[in-house]
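Student: The primary structure of each chain is shown beneath.
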Amino acid sequence: MIKAILIISLGFLTFAIFATIYRLVKGPSASDRVQALDVLGINIISGVAIFSVFLRNTGFFEVILLIGILSFVGTIAFARFIERGVVIERRK
Amino acid sequence: MSDVNNPIEVVELLAVISILVGTIFSFLSAVGLIRLPDVYSRAHAASKSSTMGVLFILVGTFLFFIMEGTFSIRLFLGIFFVFLTAPISAHVIMRSAYRSKVPLAPQSVQDDLKGIIEIEGEREQ
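Residue numbers (the numbering used here), protein chains in the order written: chain A, 1 to 92; chain B, 1001 to 1125.
Bound conformation, chain A alone:
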C-alpha cells in the first residue's frame, strides 16, 4: 500500500519535472529559465525526500538541506547577474 502510493507520487513528480524542463528549454526570456531551474531544484528536493521514505534510509537528509542551500544561492546569483550585469559588486 505505502509502496504503491509512493510510486504514484513519483510518477506525478516525473511529470512535474518534465514540464519544468519544457519551460527551461522553451522559455522566451532568461528569467523564465532561471525560474524553471529554481522549481527544478525544489522538485529534486521532493524526489530525494520520497526516495528516502521509499528506501527507509535517513542518510539522505543532508542532501536535502544541501540542495536547498545551493539552489537558493545559485538563483540569487543568476538574478543579480540579470539585473545588474555583475554578481559581486566592487565598492569604490
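Treat the hints with care, as some may be off.
[What the hints assert, rightly or not] Using 20 angstroms as the maximum straight-line C-alpha spacing, the simulated SDA-like pairs for lysine to any residue come out as follows:
| no. | chain 1 | residue 1 | chain 2 | residue 2 |
| --- | --- | --- | --- | --- |
| 1 | A | Lys-3 | B | Ala-1105 |
| 2 | A | Lys-26 | A | Leu-10 |
| 3 | B | Lys-1048 | A | Phe-15 |
| 4 | B | Lys-1048 | A | Ile-76 |
| 5 | A | Lys-26 | B | Ile-1024 |
| 6 | B | Lys-1048 | A | Val-86 |
| 7 | B | Lys-1101 | A | Phe-15 |
| 8 | A | Lys-3 | B | Val-1010 |
| 9 | A | Lys-26 | B | Val-1010 |
| 10 | A | Lys-3 | B | Val-1059 |
| 11 | B | Lys-1101 | A | Ala-30 |
| 12 | A | Lys-3 | B | Lys-1101 |
| 13 | A | Lys-3 | B | Leu-1014 |
| 14 | B | Lys-1048 | A | Lys-3 |
| 15 | B | Lys-1101 | B | Asp-1111 |
| 16 | A | Lys-26 | B | Leu-1104 |
| 17 | A | Lys-26 | B | Val-1011 |
| 18 | B | Lys-1101 | A | Ser-29 |
| 19 | B | Lys-1114 | A | Ile-76 |
| 20 | B | Lys-1101 | A | Glu-83 |
Please keep in mind that the hints were generated in silico from the structure rather than gathered at the bench.
Add chain B to chain A, keeping to what the hints say.
Tutor: This is chain B only, laid out in the frame that chain A set:
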C-alpha cells in the same frame, strides 16, 4: 496490505498520503508553468504551489521517520530553510525580470509599478 488497526501503520499511511498530496501540488504548479501566458503569472504559479508541495512532502517524510523512531533535526532545518527561501528567490527573480524589461502578457490591463520605477529613476538622476 498490513493491518490497519496498528496506530503506527495508520500514521505512516497518513504521512505517505501527505506526500501524495504534495506531489499533486507540484504537478499542478508544473501545469501552470506550461500554460500561463507571461513570466510573472508563471512565477506566481510556480513559486506558491511548488513551495506548498515541497512542504507537504517534507512534512510527510518528517512524520514518517518520527514513526520509524528517528527525529532528524537536519530534515527539520531543511523544511524551515525551504519555507524561508523559496518565496524570496521568486521575488528576486521577478524583480530582476521587471528591471530588465521583460514584457507583460498582452491581455494584462494595469501596470502600477511602471510609474513608481520612472519616478525613482528621475530621482536618481
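Student: Could you work out which earlier hints the structure fails to respect and list their numbers in ascending sequence?
Tutor: Per hint list: 1, 2, 5, 6, 7, 9, 12, 14, 17 and 19 violated.
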